[in-house]
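Residue numbers (this note's numbering), protein chains in the order written: chain S, 1 to 658; chain G, 1 to 82.
It should be emphasised that the hints constitute simulated quantities derived from the structure, not laboratory data. Values in this document were obtained by computation on a predicted structure and should not be read as measured data. One or more of the hints may lead you astray.
Straight line, CA to CA, 20 Å or less: simulated EDC-like cross-link-like pairs of lysine to aspartate or glutamate [said to hold, decoys possible]:
{"no.": "1", "chain 1": "S", "residue 1": "Lys227", "chain 2": "S", "residue 2": "Glu69"}
{"no.": "2", "chain 1": "S", "residue 1": "Lys227", "chain 2": "G", "residue 2": "Glu45"}
{"no.": "3", "chain 1": "S", "residue 1": "Lys227", "chain 2": "G", "residue 2": "Glu34"}
{"no.": "4", "chain 1": "S", "residue 1": "Lys227", "chain 2": "G", "residue 2": "Asp31"}
{"no.": "5", "chain 1": "S", "residue 1": "Lys227", "chain 2": "G", "residue 2": "Glu46"}
{"no.": "6", "chain 1": "S", "residue 1": "Lys227", "chain 2": "S", "residue 2": "Asp213"}
{"no.": "7", "chain 1": "S", "residue 1": "Lys182", "chain 2": "S", "residue 2": "Glu196"}
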Amino acid sequence: MSEANSPARIALVGNPNAGKTTLFNALTGQNQKVGNYAGATVARKSGTFFTPHGNQIELIDLPGCYSLEPNSPDEKITRDFLAGDQEGENPPDLVVCVLDSTHLERHLYLLLQVIDLGYPVVATLNKIDAAEGRGLRLDPVALSEDFGVPFVPLSATQQRGLTQLKHALRFPLPAPPGRLWKGPGDLEDAIAKSIEHAESQKHPKPTARGLLDATQAGAETADFIQKTRFDFIRHAVEAGLQRPDEDSLALTDRIDAYALHPVKGWGIFVALMLTVFWSIFKFAEIPMGWIEGGQETLQCWVRGLLGEGDFQSLVIDGMIAGVGGVLVFLPQIILLFFFISLLESSGYMARAAYLMDGLMNKAGLSGKSFLPLLSGYACAIPGVMATRTIPNAKERLATILILPWTSCTARLPVYTLIVPLIFTSAFTQGLALFGIYALGTLTALVAARLLKPRLGKTNAPQFLLELPPYQSPQWRHVLHQVADRALAFVKKAGTIILGLSIILWFLETYPKSDSDDPVVQQAESFNGRLGKIMEPVVSPLGWDDRMGTAMMASFAAREVFRSSLAISYATDEEDGEELRDRLSASARPDGSPLFTPLVGLSVIVFFIYALQCLPTTVVVRRETGSWKWALGQLFGMTLFAYLAALLVYQVGKLLGYS
Amino acid sequence: MASFAKELELDSALTLSQAAVGCDFQIRRVDGPECRQLREIGFCEEMRVRKITNGRNMLCTVCGTRLAVSKHLADQIKVVPA
Chain S
1 MSEANSPARI ALVGNPNAGK TTLFNALTGQ NQKVGNYAGA TVARKSGTFF TPHGNQIELI
61 DLPGCYSLEP NSPDEKITRD FLAGDQEGEN PPDLVVCVLD STHLERHLYL LLQVIDLGYP
121 VVATLNKIDA AEGRGLRLDP VALSEDFGVP FVPLSATQQR GLTQLKHALR FPLPAPPGRL
181 WKGPGDLEDA IAKSIEHAES QKHPKPTARG LLDATQAGAE TADFIQKTRF DFIRHAVEAG
241 LQRPDEDSLA LTDRIDAYAL HPVKGWGIFV ALMLTVFWSI FKFAEIPMGW IEGGQETLQC
301 WVRGLLGEGD FQSLVIDGMI AGVGGVLVFL PQIILLFFFI SLLESSGYMA RAAYLMDGLM
361 NKAGLSGKSF LPLLSGYACA IPGVMATRTI PNAKERLATI LILPWTSCTA RLPVYTLIVP
421 LIFTSAFTQG LALFGIYALG TLTALVAARL LKPRLGKTNA PQFLLELPPY QSPQWRHVLH
481 QVADRALAFV KKAGTIILGL SIILWFLETY PKSDSDDPVV QQAESFNGRL GKIMEPVVSP
541 LGWDDRMGTA MMASFAAREV FRSSLAISYA TDEEDGEELR DRLSASARPD GSPLFTPLVG
601 LSVIVFFIYA LQCLPTTVVV RRETGSWKWA LGQLFGMTLF AYLAALLVYQ VGKLLGYS
Chain G
1 MASFAKELEL DSALTLSQAA VGCDFQIRRV DGPECRQLRE IGFCEEMRVR KITNGRNMLC
61 TVCGTRLAVS KHLADQIKVV PA
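Using the sequences plus the hints, can you model the full thing?
Right, here's the structure in full:
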């Protein structure tokens with residue numbers, strides 16, 4: 001153990017999609033993100049659990065990797081952690097290698113590498129249920145004899161074999177088996193010297209550091225060691241694994257015959273996405289009605305409770321209207337996350353990446369960039385972090401820079417407010433939303449195409465991806481994931497949005513004018529004055545001053561655009577009327593309607609392209625290591641958004657649209 | 001003599017991108033700039049591979065795993081009929 005009374009530290013290591021995070025969640029009771037595709041975990045996570053003997057264990061989940069020779073930044077995290085190179089981190093006391101029983105031959109290479117580093121190891125034969133279902137016969141005893149470490153068959157999803165694993169982790173922890181192969185004399189000498197050198201430098205894991213230094217000296221040595229390890233594995237699986245003939249066409253093959261077909265595959269992809277967007281409008285209507293009804297009831301109740309005055313106005317027009325205006329989109333956000341989790345959990349995401357590779361290649365990227373871009377539809381921050389799976393540094397930077405143009409859920413409240421002002425039926429609204437997402441994505445790809453050559457010369461990205469078998473979604477996990485996101489959204493509405501709503505109400509209400517006319521009061525208020533300053537900037541986009549101030553406020557959080565409109569347009573009509581009706585009824589000073597379809601389009605275009613999310617800018621700074629890229633992205637995207645909205649409105653007006 | 005026979009067999013080996021769809025092959029050699037990455041994901045010598053589709057990115061199964069691999073990478077994998 002690292003220290004006398006501290007818990008033993010155990011690391012989970014395995015190939016991508018071997019089920020490390022599922023096992024981590026099953027052992028620690030946490031709910032970390034699980035996906036049926038490579039690269040779902042891109043950072044280290046830790047949790048604790050107790051063995052049957054009452055010993056506490058700190059479990060560390062590391063990003064998946066095929067080997068300890070890293071090809072991408074997420075794989076480097078795992079290598080550095082095991083080599084004892086990560087600052088402020090002690091090497092683990094033991095490593096649990098998670099092996100996928102259905103693809104054992106491929107997963108044993110990493111196990112062998114971890115054993116070589118000098119760690120005590122417990123190997124788990126995960127997905128044993130799937131392996132048995134396919135008629136694979138595994139012999140854990142024979143494998144244990146060959147590798148010198150215990151092999152525990154288990155199924156993390158079905159929580160089978162977890163007790164046996166905890167028993168295998170009993171104290172004292174098993175001794176490291178040591179390296180299982182021998183090289184020629186000069187290589188062995190080099191390894192011994194290298195380890196001695198690491199010991200003299202007081203490296204926290206000299207056996208690991210020394211071996212890695214000596215074996216990565218040249219391509220010839222690395223090739224020799226790789227081949228020696230594969231020879232060892234071939235010999236070991238002869239005794240430990242019997243595989244039936246694989247002539248039968250499995251379910252995955254039958255689905256893939258359609259899902260990966262160059263024509264039918266695209267049809268399925270587009271149909272799936274259209275269904276998702278149509279459902280967001282169709283199925284969310286009823287619960288949205290409930291929330292709106294609840295909001296109105298609450299406003300009426302508060303009106304009766306509080307006497308007329310500023311405090312009543314603050315609660316009704318500021319707090320309830322502001323927070324309620326955002327909360328009403330909770331059902332749509334739940335639906336979007338539900339569908340994204342479902343697609344991730346089923347294994348379809350890797351197929352989408354395969355299909356997209358051709359299109360991505362035209363943009364100078366590869367299918368590997370598609371998965372982070374897809375995460376960006378939920379939220380740009382995990383999307384930016386998921387770019388760690390991209391091996392090519394230039395491709396990774398280009399993907400980070402274009403990623404905020406894949407519309408995240410914070411924009412959804414704005415889209416779903418404006419789209420019904422332009423289109424009436426659920427089908428056309430769904431189609432419009434699909435178009436909005438497609439426009440953002442296509443512009444992002446064109447931008448990547450223009451940007452990538454300017455980032456410096458690089459090799460063409462190569463596509464190499466594992467397509468996991470389809471599986472029925474892990475419902476418990478999908479529901480947990482959706483609940484987490486919904487809670488985060490409600491929390492944001494109850495904290496940031498509430499705070500901003502109070503500020504916006506204050507700016508809208510003060511200073512007081514002498515007139516009782518709400519229009520005069522609005523013009524006299526801080527917001528009205530700010531709007532007048534903003535008006536020359538936003539009027540070429542077809543917007544009025546209130547939309548200008550709402551846009552400014554939305555730089556704090558996009559959802560505030562809606563709250564801000566809800567607060568500032570409340571002065572026009574009676575309370576209780578839907579914001580959308582109030583917007584469509586609002587008029588310019590000359591009496592012409594303000595919120596025409598063209599103005600709606602200009603607002604949508606602005607929100608597709610504007611980067612109004614400071615946490616994203618901070619994460620981009622961290623991932624690119626430079627403020628230059630992060631701030632360049634922030635200002636570049638905002639300017640582009642303004643120019644695009646300007647172009648849409650002015651060209652639309654020239655063509656005779658209002 | 002044995003090494004001569006091996007060289008002769010390698011000369012007659014196909015690259016994975018040239019190999020016919022729907023057939024089983026055995027990998028004879030993985031050679032090229034990305035060879036280590038290919039081995040790590042499962043394309044290593046002596047493994048059996050079935051080619052499923054052709055195209056810019058081809059689909060194969062190795063040890064029961066489906067892998068998508070670009071033509072450039074598939075050219076680095078030499079196979080013989082299994």
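Structure-based check of each hint:
1. S:Lys227 to S:Glu69: 14 Å, holds
2. S:Lys227 to G:Glu45: 8 Å, holds
3. S:Lys227 to G:Glu34: Holds, because 15 Å separates the two Cα atoms, which is no more than 20 Å.
4. S:Lys227 to G:Asp31: Given pair Lys227 of chain S, Asp31 of chain G holds - Cα atoms ~12 Å apart, limit 20 Å.
5. S:Lys227 to G:Glu46: OK: Lys227 of chain S and Glu46 of chain G at ~11 Å, within 20 Å.
6. S:Lys227 to S:Asp213: Holds, at roughly 18 Å.
7. S:Lys182 to S:Glu196: 18 Å, holds
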